[in-house]
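Colleague: Listed in order, the protein sequences are those of chains L and C.
With the numbering used here, the residue at position 16 of the first sequence is 16, and numbering never jumps.
With the numbering used here, the residue at position 132 of the second sequence is 132, and numbering never jumps.
Each hint should be verified, as a subset may be incorrect.
Over the 10 Å line for every Cβ pair with chain L, so calculated as not near, a few chain C residues [unchecked claim]:
#1 Asp41
#2 Asp62
#3 Leu100
#4 Ser111
#5 Arg130
#6 Leu191
#7 Ser281
#8 Tyr324
#9 Pro381
#10 Arg409
#11 Ser458
Straight-line alpha carbon distances no greater than 30 Å define the calculated DSS-like cross-link-like pairs of lysine-lysine that follow [as the list claims (entries may be wrong)]:
#12 C/Lys428 to C/Lys454
#13 L/Lys36 to C/Lys230
#14 C/Lys146 to L/Lys36
#15 L/Lys36 to C/Lys246
#16 L/Lys36 to C/Lys232
Quick caveat, the hints were computed from the structure, so don't treat them as lab data.
Quick caveat, the model's predicted, so the values are computed rather than measured.
No residue lacks a Cβ here, since even glycine has one placed at the ideal position from N, Cα and C.
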Amino acid sequence: MFLYVDPGSGSYLVQLIIAAVLGAGFYFKAGWNYLKSRFGKNKHEDDPNAST
Amino acid sequence: MIPMLQHNILPSSYRDPSGFVFASDGIFYRQVNAVYANDYDLLTNGPLYNELIEKKWLIEHDEVNGVDDPRVYKILKPRQLGFINYPYEWSFSQYRDAALLTLHIQQLAMSRGMSLKDATPFNVVFEGSRPIFIDTLSFEKYDPTKPWVAYRQFCESFLAPLLLSAYQHPDLSRLMSIYPDGIPINICASLLPLSSRFKSLSTLHIHLQAGIKGPANQSTGKPPAFSADKLKRIINHLTNGITNLKLSQKISTWSDYYSKTILQDNYLQEKEFLVSGLIDSIDFSSAVDLGANTGQFALLIEKKGKGVIAIDIDPLCIERLYLYTKENKNRVTALIADLMNPPPAIGWNNKERRSLLQRITADLVLALALVHHLCIAKNLPFEHLAQTISKIGKYLIIEFVPKEDEKVRQLLSHREDIFMDYDIMNFKSAFEVYFDIIESKPVGNSGRTIFLMKKKNS
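With the rest of the complex left out, here is chain L (with noise of 0.2 Å):
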């Protein structure tokens, strides 16, 4: 198995967050909001469900 690509550090993270975000419905501006405040810049994150 040679994954040669750099996936890049949290892009597992991400795809695990937008992954359960697409499947809650989220389409509300609120909802937008929401995880830009709790994931803005410069904040390490493990836990992933603390949003939803």
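Starting from the known structure of chain L, fit chain C onto it as the hints suggest.
Modeller: Relative to chain L, chain C alone:
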């Protein structure tokens, strides 16, 4: 690591241990290393390869006699491409179609138990109006418990340039020549306007991603399980979002070019008649149209059954030309380039991706309604233009636009006329250093002259 057994390996083909592209006697081959054998068999023995070929999504190949070395599994000879083009030369819709092609391939692959291990626009090339995926070794066995390894690459090298083009300006996709691995997420995020935070495509895949820095070590503890369903949601969201992306409407400077010409009706008809006659008098199989504008003359040549590369600086001209050729599937490959600063050779050693001038060779070069844009507007001496064009092709059809012309007067209206040598006699002598002039004809009453020239000693 597998030693590079061939001498003429493509300078860009070093990243993937599964194999590489090399050239031998002017033919391009792809070596498949033994480590990739299982994935290659899964691709070709299963239905996926045939489906991809049938849909004309993937470039087809033949297997040829291999090397007697246990580290080498197979040697493939893909169908040869006449001309390679790069993402920073594509218009918005071309880029979007390349992105959608990649996503559709990923969706089909997943349904057949495989997945793309990279998602870079350098895996796509435009052949005429059609994008085609060229990296046969990009497929690997799909593991549904893992997220997509190529996701970040897709976001940075497809989504970011598309969003910047749509929200700000189509020229921004040229950033891909500075960031060939993709525009970094945080840079893209900083360049997008506030309105991009109210659309899920940009918010989730760019802004959210920019805001998250993962744990320094990704393998601490057990990673939460992913699933095929989760990945499908992401791919679908990207696909729908990108399908619905649109450029904000702007009026192109040059697409109104012909409508502003004084002797419009007569001029265009006369020019087309002349050019058509000149084309019929020479023997050629491919052409490049420099400063193609609406593509009228590129399309004229294409109708005569020849492949054409149409180049213009205006992204909206190329956009319109591409959309036209897409509808009427044909062999015009429309691309964006500034002839005063054409895409250079980039990458490691400045050799991975060749410059535009290195890639375009054609039997015939068209340079209509172009000379004054370079030699007046950009101060380019005739000699420089003649020399560079002579390296591209054998025949040249070029239009001289005199100083009295309305367009030139427009160009000079706000600046000092320093062009003492800009006249048809100097034009001819500059070009006669490299070309023999076969014919010259005035274009109606426009004052312009069309020349047919042939490179000396060819």
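Colleague: Determine for every hint whether it applies to the structure shown.
Modeller: Verification of the supplied hints:
no.	hint	verdict
1	Asp41	15 Å, holds
2	Asp62	24 Å, holds
3	Leu100	19 Å, holds
4	Ser111	18 Å, holds
5	Arg130	26 Å, holds
6	Leu191	16 Å, holds
7	Ser281	51 Å, holds
8	Tyr324	35 Å, holds
9	Pro381	46 Å, holds
10	Arg409	53 Å, holds
11	Ser458	44 Å, holds
12	C/Lys428 to C/Lys454	13 Å, holds
13	L/Lys36 to C/Lys230	21 Å, holds
14	C/Lys146 to L/Lys36	25 Å, holds
15	L/Lys36 to C/Lys246	25 Å, holds
16	L/Lys36 to C/Lys232	23 Å, holds
Violated hints are absent here; each numbered hint is respected by the structure.
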